[in-house]
Each structure stands twice: as C-alpha cells, then as structure tokens.
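Chains as they are written, first to last, in the working numbering: chain A, 1 to 273; chain B, 1 to 273.
Careful, some of the hints might be misleading.
Copies of the same chain look alike in the list, so a pair counts if it fits in one copy or across any two.
SDA-like, lysine to any residue: derived pairs with alpha carbons at most 20 Å apart [claimed, not checked]:
#, residue 1, residue 2
1, K49, R78
2, K207, T167
3, K207, G169
4, K49, L27
5, K49, R3
6, K49, A64
7, K38, S77
8, K49, S7
9, K38, S7
10, K207, R165
11, K240, S180
12, K49, S18
13, K49, T173
14, K49, L16
15, K207, V166
16, K49, H63
17, K38, A64
18, K49, R245
19, K49, N5
20, K49, F103
21, K49, R61
Treat the hints as calculated values from the structure; they're not laboratory data.
Protein chains: 2
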Amino acid sequence: MDRMNRSQRLVLIMKLLSERPGELLPLSFFTERFGAAKSTISEDLALVKEALEADGSGRLRTHAGAAGGVQYWPLPSREEEHATLEELCRLLNDPGRILPGGFVYMTDLITHPHWSARIGAIMAARFIDAEPDVVLTVETKGIPLALMVARALGLPMVVARREGRVTEGPSVTLHYISGSRRIHTMTVGLRALQRGSRVLVVDDFMKAGATARAMVDVVGEMGCSVAGVGVFVATAVPEKKQVERYVSLLTLEQVDEVARTVRVVPADRMTKE
Amino acid sequence: MDRMNRSQRLVLIMKLLSERPGELLPLSFFTERFGAAKSTISEDLALVKEALEADGSGRLRTHAGAAGGVQYWPLPSREEEHATLEELCRLLNDPGRILPGGFVYMTDLITHPHWSARIGAIMAARFIDAEPDVVLTVETKGIPLALMVARALGLPMVVARREGRVTEGPSVTLHYISGSRRIHTMTVGLRALQRGSRVLVVDDFMKAGATARAMVDVVGEMGCSVAGVGVFVATAVPEKKQVERYVSLLTLEQVDEVARTVRVVPADRMTKE
Numbered sequence: 001m002d003r004m005n006r007s008q009r010l011v012l013i014m015k016l017l018s019e020r021p022g023e024l025l026p027l028s029f030f031t032e033r034f035g036a037a038k039s040t041i042s043e044d045l046a047l048v049k050e051a052l053e054a055d056g057s058g059r060l061r062t063h064a065g066a067a068g069g070v071q072y073w074p075l076p077s078r079e080e081e082h083a084t085l086e087e088l089c090r091l092l093n094d095p096g097r098i099l100p101g102g103f104v105y106m107t108d109l110i111t112h113p114h115w116s117a118r119i120g121a122i123m124a125a126r127f128i129d130a131e132p133d134v135v136l137t138v139e140t141k142g143i144p145l146a147l148m149v150a151r152a153l154g155l156p157m158v159v160a161r162r163e164g165r166v167t168e169g170p171s172v173t174l175h176y177i178s179g180s181r182r183i184h185t186m187t188v189g190l191r192a193l194q195r196g197s198r199v200l201v202v203d204d205f206m207k208a209g210a211t212a213r214a215m216v217d218v219v220g221e222m223g224c225s226v227a228g229v230g231v232f233v234a235t236a237v238p239e240k241k242q243v244e245r246y247v248s249l250l251t252l253e254q255v256d257e258v259a260r261t262v263r264v265v266p267a268d269r270m271t272k273e
Numbered sequence: 001m002d003r004m005n006r007s008q009r010l011v012l013i014m015k016l017l018s019e020r021p022g023e024l025l026p027l028s029f030f031t032e033r034f035g036a037a038k039s040t041i042s043e044d045l046a047l048v049k050e051a052l053e054a055d056g057s058g059r060l061r062t063h064a065g066a067a068g069g070v071q072y073w074p075l076p077s078r079e080e081e082h083a084t085l086e087e088l089c090r091l092l093n094d095p096g097r098i099l100p101g102g103f104v105y106m107t108d109l110i111t112h113p114h115w116s117a118r119i120g121a122i123m124a125a126r127f128i129d130a131e132p133d134v135v136l137t138v139e140t141k142g143i144p145l146a147l148m149v150a151r152a153l154g155l156p157m158v159v160a161r162r163e164g165r166v167t168e169g170p171s172v173t174l175h176y177i178s179g180s181r182r183i184h185t186m187t188v189g190l191r192a193l194q195r196g197s198r199v200l201v202v203d204d205f206m207k208a209g210a211t212a213r214a215m216v217d218v219v220g221e222m223g224c225s226v227a228g229v230g231v232f233v234a235t236a237v238p239e240k241k242q243v244e245r246y247v248s249l250l251t252l253e254q255v256d257e258v259a260r261t262v263r264v265v266p267a268d269r270m271t272k273e
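Kindly generate the complete structure, drawing on both the sequences and the hints.
This is the structure we're talking about:
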C-alpha cells in the first residue's frame, strides 16, 4: 500500500475505530497499516479525539505504555440520544400499531438495524461504566437489541433459549412463571457463559419483569454476577417489577384498544401520577 | 457547534457514514451539521473517497443533482475478507467444537458482534449488486448474521418465527419437512414483508437446505421475489440442496466424531473429489 497522507489516515483511522468498537488497538496496528511512525499516529489520534470531543459523541480512550493503544466506543451525543428517543416515541404512538390484548407492534423498529444500532448505542452508554463483560438476552425479540448493545461495547452476546439444543452443547435450565401465570423454560449453554462473568441483561420489553428476573436468576446459577438490566420499553404498570433495578429507555404509559390511543414516552419523562 | 476544520470534518464524516450504512445522505445533511459550504463538503467527500479507494475497502457512491447526496457501504477489502474467512476456519477446525451427531459448535462466533459484523459485511458484498430491499432469516441462530447483513446494506431485517405471536400481528404460515423428516412450521408477519419486495434470504447453516427452501417458498407466497440466498456455512454433503442457487462463505467438508476431526474451508476452496 502507498504511504497515506494525513487526510487519508484520519478517514481510515475513524473507519477502523468504527468497525472495532471496544477493541484495544495498539499503536502498532496503525503504524503497520499506514507505514507511519508512532509519533505521527499519536498526532492523528489526538486529532480524532479532538473531532469527537467537538461533536460530543463517541468515546476514545488512550492507554499509555508498552501495552498501550486506543479503544473507541460509538456512544451517542446527548442531542443524538434525545432525537432518537423522541423519534421512536413518535413512531410508536401510532394507533395503527395497537394489537389485540393491548400489545404494541414494534418488531419493525427493533429488527431494523437503523434503529437497533441507535438503541443499542444508547443502552451501551447507560451501562459502559458498570463494566460488563458479556450481554445476555433471551430469544427471540431481544436479540437484535442485545447484539447492537454488545457491538457498541465490543462484548460477546449470549442468547438464552426456550429449550436446549444439540447445537448449544450442555446447558443450565431453569423454569419460571410469567406474568400470565404460565410456566416457561430458559436454558443457557455452559460453553456460552464463563463463571465469574459480569453480565448485562438486555431485553426489548418488560411488563411484570418475569423474563428479566429469570435471566438474573440464571446468571446467578451460572456463577456470574449482574452488571445491569436494560430494556428498550417498560410498561408504567405494574410499577413494581420482579427485578429491583433496571433501566428502560421508553415507558409505555397507556394503550387503549377501544379509544385507539397509545402513549409511549422517554423513560426520564414519565408522567407523574 | 463551532465551525469545524477539515481534519475534524473528515473524521466526523467517516464516523457518520459508518453509522448510517446504505442511507442516502444529502449534502445538506453535512453542510448543516458542520456549518460548511456545499463546495467544501464536496471536497471533503472526495478526500474520503480517495482514502477508501487507497485502502480498497468500503464503497462510497455519489449521487449528483438536486436529490443528490452520498451513500456508503462498509464492504471489506479482498484482504480483509480473505483474512476473516481464514481465521474463522482456523477457529472452527477445533476438535473441541464437535458436538454429538456431528454438529459443530459455532454459536460463540455467530453471536459475537466482532465476527457477525465481519461475516455480515462479507455477505453484503456478495449480494449488494442483486439490489435486495429486505433481509429475511428464521429464528434463532440466523438472526445475528442477518441483522449484520442488513446493517451493512442499510436494509430492514425480517425474522420468520416458528409459531405465530400476538406481537407480530396477522401472519402467513407454511409447513415444511426438514432433512430429518420432521414437519416444521414457519410464519412471517404480514406487516413485516411488503408485496413486491426483493428478499435476500440469510441463514447461519445449511445441510439439506429445507429451511432455506421454506424461506424461499414463503417469500413467493407473500408476493415477493428472491434476490439471493446466503448462508455462513454449508455442508459439502449432500451436494444437491433443496435450493438451486445459494452462496455459502464456508464449507463444512467433514466431521468425524470418533477421530475427533473437523474440516471447514472457505467455500471457494472446496476440496474437489
């Protein structure tokens, strides 16, 4: 490869950082790639950091020393987070989304990478300082969000299954009672979750919190600890969930199947009764 | 926001492009964000394009005219693709991955965003010129790869379920016979897939191809057409699959549970018998 000039290096450094969130990249990764001196790359990285700070988005951490390098996380700016959550509320507050039983159709949003990536980055920002080392969700609808949270943090994702599969190897299984009083099964592969891991539990939706509770319990059964519980949308009622502490990005305050109204708001602006 | 200098703009333009793959971003998106003239942004974009071309990775398309703008796709360079597939084979060819029945454990790889993002980008490069407008997979293990393919192409993802759910709304359901002669059900929400869509079918693994065939069939039943079928790993045997045309990135040539050997190779280097 020809030697690159500064403009080219800045573009490609930002590209590489964006493609490898959370990874510790040594300076040699860049010097070899661009045929540039360490001092040159250090200057480039200082410019990248300056640009990110001017924009108020992303986090670049520089590690000094022999084992040093940089780590980047694509965290949103306050403005981006605010705009994303407001737009999601606007989209969700469409009566056409009301389904029988007072459910709200949101599959199109959580499965579209445009939205799941943004939601994942917002969730990542809420939990990065809790220093999780793996993201756990349960099939099926939690997966796109959990994957995008894991991506933004540079962590592996583990998917709890509803039943054991030969393709997952030996597993730990537990049973739990859902809010609708039915018995459910949850199983996590022993290969997937190492003892002692700090686990971030992620799901798309929480009502009673029985599923999140079961994930918290399976984490404990597997000798791991919970770094946090994050859900995209939680219902305002019941106020008391089966997990004590959780973060939700949006609150589903009310669905009226007859009047055809639905009200979803950012969780930090929940209507006080 | 203060006005940005060129270095800062180049960094932030590459960041924005990386975060919005496939989206058509008008020049005004950048001029407003950076308080810069259109001519300045055009020069910046020319520098970005030059850097990507020097690296041989990513695709930046410029659309001229009033409705113009740029679109970016994070496609890998030939070297990146080659290195990723070789490394995945190395990881998969570990006898410790052999499961009862000759299955190979690969859940850790396809659920880790480090790998699923790379696999997704490689798959995206294979199908971008087929111009799909939605990516379809089936729960559960196809989801991380399909989401990352969809992300790289800037398309929505649709997940076929094993049974209908109230949260998906009305759906189309079909039954099919798997390679192991069992009857399976597949259901796709009517809201999820619009008639006339060009659908890219993605899955993690193909043996007989019954699941991919069922996805192809459901696409037809819903008034859509197939833009392509892509799987991460296909078995060498049976050579004839239930779908006529598909792309696999890797080929599982052989698993021997007794001798404890497994052989996975890049699909373009399949051993000729």
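Structure-based check of all given hints:
In this assembly of identical chains, K49 and R78 lie within 20 Å of each other by CA distance solely inside one copy; the values are 17 Å within and 29 Å between copies. For a Cα distance limit of 20 Å, the shortest separation of K207 from T167 across copies, 14 Å, qualifies, whereas the shortest one inside one copy, 31 Å, does not. In the homo-oligomer, the alpha carbons of K207 and G169 lie at most 20 Å apart only across protomers (19 Å), although the nearest pairing inside one protomer, at 31 Å, exceeds that limit. When the C-alpha separation of K49 and L27 is checked against a cutoff of 20 Å, the pair qualifies only within one copy, where the shortest distance is 15 Å, while the shortest distance between copies is 24 Å.
For the identical chains of this complex, K49 and R3 are inter-copy neighbours only, at 16 Å across copies versus 23 Å inside a copy, given an alpha-carbon limit of 20 Å. Taking the closest pair of Cα atoms, K49 and A64 come within 20 Å of each other only inside a single copy of the chain (15 Å); across copies the shortest separation is 32 Å, beyond that limit. In the homo-oligomer, the alpha carbons of K38 and S77 never lie at most 20 Å apart, since the shortest distance is 30 Å inside one protomer and 24 Å across protomers. Taking the shortest alpha-carbon separations for K49 and S7, both the intra-copy value of 15 Å and the inter-copy value of 11 Å come in at or below 20 Å.
Taking CA atoms no more than 20 Å apart as the test, K38 paired with S7 passes in both settings, with 17 Å inside one copy and 19 Å between copies. Only between protomers do K207 and R165 lie at most 20 Å apart by alpha-carbon distance; the minimum there is 17 Å, versus 28 Å within a single protomer. For a Cα distance limit of 20 Å, the shortest separation of K240 from S180 inside one copy, 16 Å, qualifies, whereas the shortest one across copies, 46 Å, does not. Within a single copy, K49 and S18 get their C-alpha atoms as close as 13 Å, and across copies as close as 17 Å, so both meet the 20 Å cut-off.
Within a single copy, K49 and T173 get their C-alpha atoms no closer than 45 Å, and across copies no closer than 51 Å, so neither meets the 20 Å cut-off. In this assembly of identical chains, K49 and L16 lie within 20 Å of each other by CA distance both inside one copy and across copies; the values are 14 Å within and 15 Å between. Taking the shortest alpha-carbon separations for K207 and V166, only the inter-copy value of 15 Å comes in at or below 20 Å, while the best intra-copy value is 31 Å. With identical chains, the CA atoms of K49 and H63 are at most 20 Å apart within one copy only, with a shortest distance of 13 Å there and 30 Å across copies.
In this assembly of identical chains, K38 and A64 lie within 20 Å of each other by CA distance solely inside one copy; the values are 12 Å within and 39 Å between copies. In this assembly of identical chains, the alpha carbons of K49 and R245 never lie at most 20 Å apart, being 34 Å within a copy and 47 Å across copies at closest. In this homomeric assembly, K49 and N5 come within 20 Å of each other (Cα to Cα) both inside a single copy, at 18 Å, and across copies, at 14 Å. In this assembly of identical chains, the alpha carbons of K49 and F103 never lie at most 20 Å apart, being 44 Å within a copy and 46 Å across copies at closest.
In this homomeric assembly, K49 and R61 come within 20 Å of each other (Cα to Cα) only inside a single copy, at 9 Å, whereas the closest approach across copies is 27 Å.
Taken one by one, the earlier hints fail for this structure at numbers 7, 13, 18, 20, listed in ascending order.
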